[in-house]
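Those protein sequence lines, which keep their order, are chains A and B. Just so you know, we're using this note's numbering here: the first sequence kicks off at 1 and counts up by one. Just so you know, we're using this note's numbering here: the second sequence kicks off at 1 and counts up by one.
Mixed in with the good hints there might be a few duds.
Quick look at which bits of chain A chain B covers, simulated, 3 or more residues with Cβ under 8 Å [what the hints assert, rightly or not]: (1) 26-40; (2) 110-122; (3) 167-180.
Derived DEER-like restraints, expressed as beta-carbon distance ranges [said to hold, decoys possible]: (4) B/N18 <-> A/F38: 38 to 44 Å; (5) B/I207 <-> A/L208: 15 to 21 Å; (6) B/F26 <-> A/F16: 37 to 43 Å.
In the DSSO-like style, the derived pairs of lysine-lysine whose C-alpha atoms are separated by at most 27 Å in a straight line are [to be verified]: (7) A/K9 <-> A/K214; (8) A/K214 <-> A/K362; (9) B/K45 <-> A/K311; (10) B/K93 <-> A/K250; (11) A/K162 <-> B/K66; (12) A/K91 <-> B/K247; (13) A/K110 <-> A/K66.
Just so you know, the hints here were simulated from the structure itself, not pulled from any lab data. Where is the CB? At the ideal position from N, CA and C, for every residue including glycine.
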Amino acid sequence: MKRFLGFVKKEFLHIFRDYRTLIILFGIPAVQILIFGFVVSTDIKNAGVAILDLSKDEVTRELSDKIISSGFFKKTETLLSYNDIDLVFKKGQTKAVFIFGENFGRNLMKEGKASISIIADGSEPNVATLITNYTLAIISNFNRELNGSPASGSVLIQPEVKMFYNPNLKSHFMFVPGVITLILILICALMTSVTITREKEFGTMEVLLVSPLKPIQIILGKVTPYFLLSFINVNLILIMSWLVFELPVKGSIALLLLECMLYILMSLSLGILISTVSKTMQQAIFISFIGLMLPTILLSGFIFPIENMPKIYDYVSMIMPPRYFIIIIKSIMIKGTGFFFVWKETMIISLMTLLFIGLSVKKFKVRLR
Amino acid sequence: MRTILYLIRKEFIQIFRNKFISKAIFGVPIVQMLILVPAITFEIKNVSLCIIDNDYSSESRGLINKLEGSTFFKLRYSTWSEQEANNLLHRNKCNLILNIPSGFGKDISSGKPSKILATVDAINASSAQLTWAYLNGVITDYNLNIITENISLNPVISFPRIMATNRFWYNETLNYKYYMLPGILVILVTAIGFLLAGLNMVREKEIGTIEQINVTPVRKHQFIIAKMIPFLVIGLIDLALGLAIGKITFDIPFEGSLLLLFLGSAIFLIAVLGLALFISTLSGTQQQYMFVAFFFMIIFILMSGIFTPFESMPVWAQIFDVANPVAYLIRINRMVMLKGSTILDIRGELVALAIIAACFTTFAVRRYRKTA
Chain A
1 MKRFLGFVKK EFLHIFRDYR TLIILFGIPA VQILIFGFVV STDIKNAGVA
51 ILDLSKDEVT RELSDKIISS GFFKKTETLL SYNDIDLVFK KGQTKAVFIF
101 GENFGRNLMK EGKASISIIA DGSEPNVATL ITNYTLAIIS NFNRELNGSP
151 ASGSVLIQPE VKMFYNPNLK SHFMFVPGVI TLILILICAL MTSVTITREK
201 EFGTMEVLLV SPLKPIQIIL GKVTPYFLLS FINVNLILIM SWLVFELPVK
251 GSIALLLLEC MLYILMSLSL GILISTVSKT MQQAIFISFI GLMLPTILLS
301 GFIFPIENMP KIYDYVSMIM PPRYFIIIIK SIMIKGTGFF FVWKETMIIS
351 LMTLLFIGLS VKKFKVRLR
Chain B
1 MRTILYLIRK EFIQIFRNKF ISKAIFGVPI VQMLILVPAI TFEIKNVSLC
51 IIDNDYSSES RGLINKLEGS TFFKLRYSTW SEQEANNLLH RNKCNLILNI
101 PSGFGKDISS GKPSKILATV DAINASSAQL TWAYLNGVIT DYNLNIITEN
151 ISLNPVISFP RIMATNRFWY NETLNYKYYM LPGILVILVT AIGFLLAGLN
201 MVREKEIGTI EQINVTPVRK HQFIIAKMIP FLVIGLIDLA LGLAIGKITF
251 DIPFEGSLLL LFLGSAIFLI AVLGLALFIS TLSGTQQQYM FVAFFFMIIF
301 ILMSGIFTPF ESMPVWAQIF DVANPVAYLI RINRMVMLKG STILDIRGEL
351 VALAIIAACF TTFAVRRYRK TA
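When you get a sec, could you build the whole thing from the sequences and use the hints?
Below, the structure written as structure tokens:
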């Protein structure tokens, strides 16, 4: 035990000596949380739009003012003919063009209808759909104003909505749990896989292997400091999300921290597994960085909900540990539910941890070649 | 010139000697593209619905049938207990609870307005808004149906109405693959160039082989150029592979000039590689480099407008993006591939990228010291 503690101390010294890594270890999560909270938003604001008004009468002016002043859009250009549409889209600043046909106002008054065309740039489908939906809503409001108050009896069903868990519809309810999930798996897996392969690559592993320490002690000694550091990191992120975004932990903090420990353990054992299969640091970094980052961002349900993906991805993402942890952390942090609601996910992560440890023990070689 | 060629040859031999890396730099992007591109969509479908029907009249059945008929909603549960419904929401079994109060049918058949309550799981704010908008649409439709059924009671007066038609250009069916492929391609090319080039340099430092170059008459800029070109070539090959996959498996349209796309990507890669080499001259170990690289990559990617609209970011973030090469390349890729923008349309982006590339490369050459 004393030997083991000595080894852990050596590892701590290694880490603390390299203050740059340490700063980044704690700086990255902070910066990411801030970026996600303040910068990344899937809603639209100030989307560039252009107007092609072939009629130029009172009604078109009024309606285009209404559209532009809604806060979603910013007028980039006033077009003169249909040929300009393609040109203005190709420049990239304009995301949608609204076209008023000729004699718009006259048609509206005489024939009781006039038509407006919305052409949105489909190369960004999300923006295109949002712009179209917002504009349609503005137009239907305008219609209603045009006709005065609706005749009595025309609105029978009055739906009311309650936005549960997140009444103000803030996007960090989605992103804070996601960032914790992403950061923990990347940092833990990267850190462990790199420190172990580093010893291998520089030949210092041999020094450790001939020492009286058992292989299991070496691995545990390598992992312990990162376990503690990551745990501190989790606490920092939670405090930040509470102070900066007013997103407190609704459920039991003790349970959340326990689940985080389990997840850290899982990520560390994944890191060990990566280190047993890679020979050089470059290889370890490649696997844990390029191999893990994109799938974690895209397939865990962090930004893109899994329910919306094609069915097969429901199965593909089952092997992704972050998928389960996101459910756990959202349930405890935001919904405030107890262990009873997440025991299945907890069990899956525990099983994955055991599997990774088992595989690494099988693959770990006491001899170098 | 000859010196540079020899150095480049040395780099290529060094890269391809590592069996894993030489396979992974081409294999990983292909596999990730094939798996990730079709996965992503913002389109919402299969919203699981839980109904609390306290009324059980033909009117409430009618509304429920209407909801069931839309592809957007899936009726999963039906219950009388509010608590059970909340429980389902907690357990993530449903995303939307619709509570129809008793007396609903009686009220609307007699022409009185009646309220219904929808509870949406709003953790994902944008999905919640869309779900609510769709639900509202279905209800408005149903409303109209009832009114037209009761047409004798309420003669419909014709109002002047503005009709709106809408179309999506460049991607008629709003196929998300067209949107994601250029983006994921950029991330993969960035990740490979940025990580490998920098690590390669730091590794030489860490194991000491850089000294062997330092004692030769090789000039500083020759060394940096020789470190850049192999990864530039690899990055462009990856890009070509990615485009080929997009064309063959996903049938991505390619409207613009291929040459223009490669020109943009080449300038972009020089910028990214310049930054990678600059950071690597500042770091002592591969671990340090990796973390700094990770830091930059995450910021570059998340702030580039790749998954979220660029215009929605706060102004300071948009100003930061002036120095973010990823933001330019994503715009260039989407514009050239999907819209067929010409060099005149993207000249601003190209010039900005070129300036960034020149700056970073100069920093790298300046900062690289041959003496320890």
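15 to 21 Å as the expected CB spacing between A/L208 and B/I207, which holds or is violated = For B/I207 and A/L208 the Cβ distance comes to about 19 Å; the hint holds.
Go ahead and decide if the range 38 to 44 Å is satisfied by the Cβ distance of B/N18 to A/F38.
-> At 40 Å between Cβs, range holds.
The segment 167-180 of chain A covered by chain B? Criterion: 3 or more residues, Cβ-Cβ distance below 8 Å.
-> holds (count 6)
Tell me if chain B covers the segment 110-122 of chain A under the three-residue, 8 Å CB rule, please?
-> holds (count 11)
For the pair supplied as a hint, A/K91 and B/K247, is the alpha-carbon distance within the 27 Å limit?
-> holds (24 Å)
Agreement of A/K9 and A/K214 with the hint, judged by alpha carbon distance not exceeding 27 Å | Between A/K9 and A/K214 the Cα gap is close to 16 Å, so the pair holds against 27 Å.
Holds or violated: B/K93 with A/K250, Cα cutoff 27 Å?
-> Roughly 20 Å between the alpha carbons, so the hint for B/K93 and A/K250 holds.
Holds or violated: A/K214 with A/K362, Cα cutoff 27 Å?
-> Holds, at about 15 Å.
Has the given pair, A/K162 with B/K66, been kept, meaning a C-alpha gap of at most 27 Å?
-> Satisfied, since the Cα-Cα distance of roughly 21 Å is no more than 27 Å.
Measuring from beta carbon to beta carbon, are B/F26 and A/F16 in 37 to 43 Å?
-> holds (39 Å)
At a Cβ distance under 8 Å, does chain B reach at least three residues of the segment 26-40 of chain A?
-> It holds, with 9 qualifying residues against the three required.
With a cut-off of 27 Å on the C-alpha distance, tell me whether B/K45 and A/K311 pass.
-> holds (11 Å)
Violated hints are absent here; each numbered hint is respected by the structure.
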